[in-house]
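In terms of our numbering, the sequence shown opens at residue 3 and continues consecutively.
Keep in mind the hints are simulated off the structure, nothing from the lab. Please read all numbers here as calculations on a predicted model, not as lab measurements. Every residue, glycine too, gets a C-beta built ideally from N, C-alpha and C. Honestly, I wouldn't trust all of these hints.
As the list claims (entries may be wrong) - Calculated lysine-lysine pairs in the DSSO-like style (CA-CA distance at most 30 Å, straight line):
#1 K9 - K145
#2 K233 - K245
#3 K245 - K176
#4 K167 - K145
#5 K39 - K19
#6 K215 - K145
#7 K215 - K176
#8 K167 - K18
#9 K233 - K176
#10 K215 - K233
#11 K245 - K215
#12 K39 - K9
#13 K19 - K167
#14 K9 - K19
#15 K167 - K39
#16 K176 - K145
#17 K18 - K39
#18 K245 - K167
Claimed, not checked - Label pairs and their calculated CB-CB ranges:
#19 K19 - V231: 52 to 62 Å
#20 I11 - A79: 23 to 33 Å
#21 K9 - D222: 41 to 51 Å
#22 G260 - S148: 41 to 51 Å
#23 T180 - I83: 51 to 61 Å
#24 D80 - S148: 36 to 46 Å
#25 D200 - V12: 41 to 51 Å
#26 T240 - L151: 46 to 56 Å
#27 A79 - D200: 32 to 42 Å
#28 E197 - G27: 26 to 36 Å
#29 V273 - K9: 22 to 32 Å
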Amino acid sequence: MASTVEKTIVIRNNTKKLAFPVKSGATIYHGCVGVVKIDGYLYNHASTIVDQNGINYIGIIADETANSNGTPAATTADGSILTSQETRSVPSGDATVRTLYLNGQFYAAMTGLTQANVGDVVYATDNFTFAVTGTIPIGTISKVLSATLAEIDLNCFMPMQNIVKSGELFSITKNITTGSATEDIYSSNAPFAFEIVDVIVQPRGASTNGTMKVTDGTSDITNAMTCAVDKTIARAGTIDDAKSTIAVSGSLRVVCAGDTIGNTIGLVTVVAIRS
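Please model the entire structure based on the sequences and the hints provided.
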């Protein structure tokens, strides 16, 4: 749940902390998530920010409010690093320059955690809500302390956790090993919107009349690709441009058919461009 008060937070092993000017009208809370948008100004991270395209930095607010009354309030003017880095705004407003932790480890309340969540990407859905699904990545779980508490490694991502930018080409792979009728790549949890431009299947076993196709969970995106010959590459012959864009939190599914379950297996590679 978003916070409207300052939070006590301890950042360990922090080696990078930068100052940013605050956008006029923004209220910034110590210990909560702040974002620097493409305009160069610092904002409170609100649930209305649903895509990372417009964000240049994300981190944890490091300094406490500089208000004369000690209560966070909306700034009354755009901040300026050159003229205001060490000064306050008028008493009714918050400091117009604040600092942001950009790395280090901190504890965060979450839900439904198990030890298997270590290494998962963490998303900030607002300034004080963290989950393993979402659209705004903030770090990686480095320790699971309980089912409701994790240590997050701020802005640390493993190479396989590629954070794709808008307009970039990327690929998603799904190894179909059981030949189940349906195999979800995303189930109402696509991290961002993207458009599919190619689908390739590398069969990994012989199959009689086996096929695979990619759907959005409801409608077909590709044709049913024949995957009957081990090691013989199959490729989408058609991609429906009316269905090929997957929305944020959308679904992407591989549907196997044409043979006994367990025989239609292979590596599915979906090539896409981030919207």
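query: Has the given pair, K19 with K167, been kept, meaning a C-alpha gap of at most 30 Å?
result: Distance of about 24 Å is within 30 Å: holds.
- prompt: Range hint 41 to 51 Å: satisfied by the CB atoms of G260 and S148?
  reply: 46 Å, holds
- prompt: For the pair D80 and S148, does the Cβ-Cβ distance stay inside 36 to 46 Å?
  reply: The hint (36 to 46 Å, Cβ to Cβ) holds, given that D80 and S148 are roughly 42 Å apart.
query: Does K145 lie within 30 Å of K9 when you go C-alpha to C-alpha?
result: With a Cα-Cα distance of about 21 Å, the restraint between K9 and K145 holds, given a limit of 30 Å.
- request: Sort out whether K215 lies within 30 Å of K245, counting only the CA atoms.
  value: OK: K245 and K215 at ~13 Å, within 30 Å.
message: With the threshold set at 30 Å, check whether the alpha-carbon distance from K167 to K18 stays at or below it.
response: Distance of about 23 Å is within 30 Å: holds.
Hinted pair K233 and K245, Cα distance within 30 Å: 29 Å, holds
task: Could you check the hint for me, namely that E197 and G27 are 26 to 36 Å apart, CB to CB?
output: 35 Å, holds
message: Just to be careful, I want the Cα atoms of K215 and K145 compared with a cutoff of 30 Å; is the pair within it?
response: Answer violated: K215 to K145 is near 38 Å, above 30 Å.
query: So the hint says 52 to 62 Å: do the beta-carbon atoms of K19 and V231 match that?
result: 57 Å, holds
- prompt: In this structure, is the beta-carbon distance linking I11 and A79 contained in 23 to 33 Å?
  reply: Given a distance of about 27 Å, which is inside 23 to 33 Å, the answer is holds.
query: Using the C-beta atoms of D200 and V12, is the stated range 41 to 51 Å upheld?
result: 47 Å, holds
The earlier numbered hints that this structure contradicts are 6, 27 and 29.
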